[in-house]
Amino acid sequence: MNNKIRLLYLLKYLQQHTNPEHIKNAVDIATELSFLGKELDRKTIYSDIENLNEAGYAIEMIRNGDKVGYYYDGELFDLSEMRILADSILSSESLSEKKTDQMLEKLLSLTNEYDREEMRKQLSYRISKTANEQVLYNIDAIQRAISHRKAISFRYFDIDISKKKKYRNHSYRLVPYALVRNMERYYLIAFNEKHQGMNHYRLDKMDSIKLEETEHEFLDFDINDYMSSAFGMYSGDKKTVTLRCKTALAERVIDHFNNKGIVTKIGDEWFEIEAEIMVSPVFYSWLFSYNGDIRILKPDEVIEDFTKRCADFIAAYTKE
Numbered sequence: 192m193n194n195k196i197r198l199l200y201l202l203k204y205l206q207q208h209t210n211p212e213h214i215k216n217a218v219d220i221a222t223e224l225s226f227l228g229k230e231l232d233r234k235t236i237y238s239d240i241e242n243l244n245e246a247g248y249a250i251e252m253i254r255n256g257d258k259v260g261y262y263y264d265g266e267l268f269d270l271s272e273m274r275i276l277a278d279s280i281l282s283s284e285s286l287s288e289k290k291t292d293q294m295l296e297k298l299l300s301l302t303n304e305y306d307r308e309e310m311r312k313q314l315s316y317r318i319s320k321t322a323n324e325q326v327l328y329n330i331d332a333i334q335r336a337i338s339h340r341k342a343i344s345f346r347y348f349d350i351d352i353s354k355k356k357k358y359r360n361h362s363y364r365l366v367p368y369a370l371v372r373n374m375e376r377y378y379l380i381a382f383n384e385k386h387q388g389m390n391h392y393r394l395d396k397m398d399s400i401k402l403e404e405t406e407h408e409f410l411d412f413d414i415n416d417y418m419s420s421a422f423g424m425y426s427g428d429k430k431t432v433t434l435r436c437k438t439a440l441a442e443r444v445i446d447h448f449n450n451k452g453i454v455t456k457i458g459d460e461w462f463e464i465e466a467e468i469m470v471s472p473v474f475y476s477w478l479f480s481y482n483g484d485i486r487i488l489k490p491d492e493v494i495e496d497f498t499k500r501c502a503d504f505i506a507a508y509t510k511e
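Residue numbers (my numbering): 192 to 511.
A hint or two may mislead.
The calculated lysine to any residue pairs, modelled on SDA-like cross-linking and capped at a C-alpha distance of 25 Å, are [as the list claims (entries may be wrong)]: (1) K451 - D428; (2) K234 - L199; (3) K489 - G427; (4) K290 - Q334; (5) K195 - A246; (6) K215 - G260; (7) K203 - D219; (8) K341 - Y368; (9) K195 - V218; (10) K203 - H213; (11) K385 - D411; (12) K320 - S279; (13) K396 - D292; (14) K234 - E223; (15) K429 - L488; (16) K341 - D331; (17) K451 - N390; (18) K312 - D269; (19) K195 - L267; (20) K215 - S225; (21) K489 - Y425; (22) K437 - D491; (23) K489 - E465; (24) K341 - Y417.
Ranges of calculated distance between the beta carbons of each label pair, as one might list FRET restraints [as the list claims (entries may be wrong)]: (25) E467 - A249: 44 to 52 Å; (26) D269 - E406: 42 to 50 Å; (27) V218 - I414: 54 to 62 Å.
None of these hints come from the bench; they were simulated from the model. Quick reminder that beta carbons are idealized off the backbone N, C-alpha and C, glycines included.
Could you build all of it, start to finish, from the sequences and the hints given here?
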């Protein structure tokens, strides 16, 4: 058999069947790869391993007394990195059960059989998954649209009480600017030419995406600045808002605004932050969760809107 093909089989065997705790000696390897031909002996194995190392593949030798063994030490990801990637796949609500299993198998195929088995034992949990199998297609289509500065058209649906798709009455035509992952789901941030503003859409509720030509004049768009003003993935009118916050919340608040806000210390107990904020119901619920430890100082129209929403909420629970 061709020497180059033999090297590939040897490399694959070491990658899949060895690690520092499970080494293989030359006899083990020659036995496992005996189907390659009679010429495969210990001397050939030693030579092939030397050639692989010279080619940049990390084949390590361990000597324990009279026993010498080899293992592959060039894993693309270590176990901690692989766990983080696997958890991201498992926790993504934008992936279906089927696609989740397929992607996990692809990821685990990058390591050896022993680590793969240990990983499988720890990756048994499941969260709610989308039934929309088109999500990866949607990601691909939108990335191509962004790269080539195209508009897209698509249909958008909601899930009704019977857990069935209910399509909205009209199709959408937008200019995509970014894809972001938020709260385990993927969202499209796109410019709505009709309303002249940015809107957000869940990828797992989109289908029938088509790329279209556009004469849209693309805006300067900084995704980090944009996301620092957003709460959840609700779009809203962007306003300059001043908040008064308890000093104990400084790190949490400043981190939320990605260090973009202007911070002023007000005594030992309070500080103020002025920041660009997309005013939305999610912003108000964020305020409410701090039970008065974060308060709106200005502008007045935001204060009025917030207090009216609070009054409407109380009224909904007030008995006649």
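Quick check: which numbered hints come out false for this structure?
none
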